[in-house]
Structures are given as C-alpha cells and as structure tokens.
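Asks: Letter by letter, the chains look like this.
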Amino acid sequence: KNQVEQSPQSLIILEGKNCTLQCNYTVSPFSNLRWYKQDTGRGPVSLTIMTFSENTKSNGRYTATLDADTKQSSLHITASQLSDSASYICVVSGRGSTLGRLYFGRGTQLTVWP
Amino acid sequence: DSGVTQTPKHLITATGQRVTLRCSPRSGDLSVYWYQQSLDQGLQFLIQYYNGEERAKGNILERFSAQQFPDLHSELNLSSLELGDSALYFCASSPRDRGNTEAFFGQGTRLTVV
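Sequences listed follow chains F and Y, in order.
Residues in the first sequence are numbered consecutively from 3, following the numbering used here.
Residues in the second sequence are numbered consecutively from 260, following the numbering used here.
Just so you know, these hints were derived from the structure itself, not from any lab.
Note that the Cβ used here is the ideal one computed from N, Cα and C, for glycine as well.
There's no promise every hint is true.
Claimed, not checked - Short, incomplete list of chain Y residues facing chain F, as computed with Cβ under 7 Å:
| id | residue |
| --- | --- |
| 1 | G301 |
| 2 | F364 |
| 3 | G367 |
To be verified - No farther apart than 20 Å at their CA atoms in a straight line, the calculated lysine to aspartate or glutamate pairs in the DMTMM-like style are these:
| id | chain 1 | residue 1 | chain 2 | residue 2 |
| --- | --- | --- | --- | --- |
| 4 | F | K59 | Y | D299 |
| 5 | F | K59 | F | E17 |
| 6 | F | K39 | Y | D299 |
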C-alpha cells in the first residue's frame, strides 16, 4: 500500500532555533517528493520538489534531503521565524501504474514561539 | 497567489442538500485534482481530471461527483450532504498529469454542513 508517514506529529520550538522534520514513504514506483507549507485555513504552498536522483535541495532557510534507497526525506528549517508556524506536508508522487497521483502525509504542525 | 481560483470561499448548508464547488486552474494547466481536508486530518485525494477526462480516482464517495469542462475549469458536486462532509475542499492544478510536474493549490472552499 502506498503510504507517506511524517514525524513528529507536532513540534514547538523557540524563534531562532533550527528543526528537522521527517518523512518516510512506501510509494512505488517513485517519481518525486515535495514538501509543502500549509498555513491554517490556506492552501498548501510548495517549498521544494526532488526527484530520485537528487539528494538535497534548498529554498532559503529550508533544506530538504532525500534518500531514495531508504525512502526517507527530511526538511530542515534554520533560524526559525514566527511566520514558519504552519503545517509541513510531505507529498510523494508515483509514476507508471500510480498515474502520477500525489500521496500526502498527515503533516507536522510546527509552532514557533517568541 | 498560486493562480488557482476556488469559489466560493465559504459555504454553509443543511444536511441532505447539494452543493457545487468550482475551481479555475492556472492558465495552461490541463490537470485538476480535488482534495478533502477534514479537521486535523491530512489531505485526502478525491479525484483527478486531465484535459476533460477522469484520470485517477481516490476515496471519493458515490454521493460526490466531478467534471472538467472544455475551458478546463472543474466542478465538484456534493449531494445528500451529511455532517461529516464538513471540511476544507482544495483544488490543485498542474501542467501535466504525471511526472515531475508541480501542483499548485487554491485557497480552498470551507464547507460547513449543519
């Protein structure tokens, strides 16, 4: 069964600190993995997208890593800001028989305190 | 602004009623996805259309149906509404139906069934 699991479910950190969010997936065959940021009540916004041949990709203070062998990804946020408070969702895209469907994790709810 | 427009933003209706949610994809995008997000739940894939044709189906109830029109906008019809149908409904669009294609999300329609 194609699944995406994220941990932790929720995380509270102080402003200025770093944090790392985890994503494990079983989607196969694999096409790409994306990280989205979703503010409460808003639509998800893409942060990064990586194919199986990419190990790391950065977008400002966000750095995503991918290990396609172990089917794990992480999202590292450096020097956190209050505006980083949001849900971070890992999304895996299949290919071939999975018709490019997007498989969503439940998200990690990040809260940044001043 | 993702370029994906969803209307209405909010909808309150009674049980047993029928509603239609509308999505206008980004200019040039041929693929439209519909998702349901219940309170504290992850995004659940409902259905995907590509250039007017149904491409993939998720856990969409028989009471729900969708279509994509020649101008590529899409509508999600929800009938015989139940309290449990209260959720955020998101539409996303992408240029293609598979591969390393980015998906852009609208701001969602918040449906409240009373």
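Asks: Hint by hint, note whether the structure agrees.
Replies: Results of checking the hints against the structure:
Interface hint status for G301 of chain Y: upheld, as the beta-carbon distance to the closest one in chain F is roughly 4 Å, under 7 Å. Given the 7 Å rule on beta carbons, the hint for F364 of chain Y holds: about 4 Å separates it from the nearest Cβ of chain F. Residue-level restraint check for G367 of chain Y holds (minimum Cβ-Cβ distance to chain F is 5 Å; threshold 7 Å). Note on K59 of chain F and D299 of chain Y: the hinted pairing is violated, with a Cα-Cα distance of about 29 Å set against a maximum of 20 Å.
For the given pair, K59 of chain F sits about 23 Å from E17 of chain F by alpha-carbon distance, which is inconsistent with the 20 Å threshold. The suggested pairing of K39 of chain F with D299 of chain Y holds, with an alpha-carbon distance near 15 Å, which does not exceed 20 Å.
Of the numbered hints stated above, those contradicted by the structure are hints 4 and 5, listed in ascending order.
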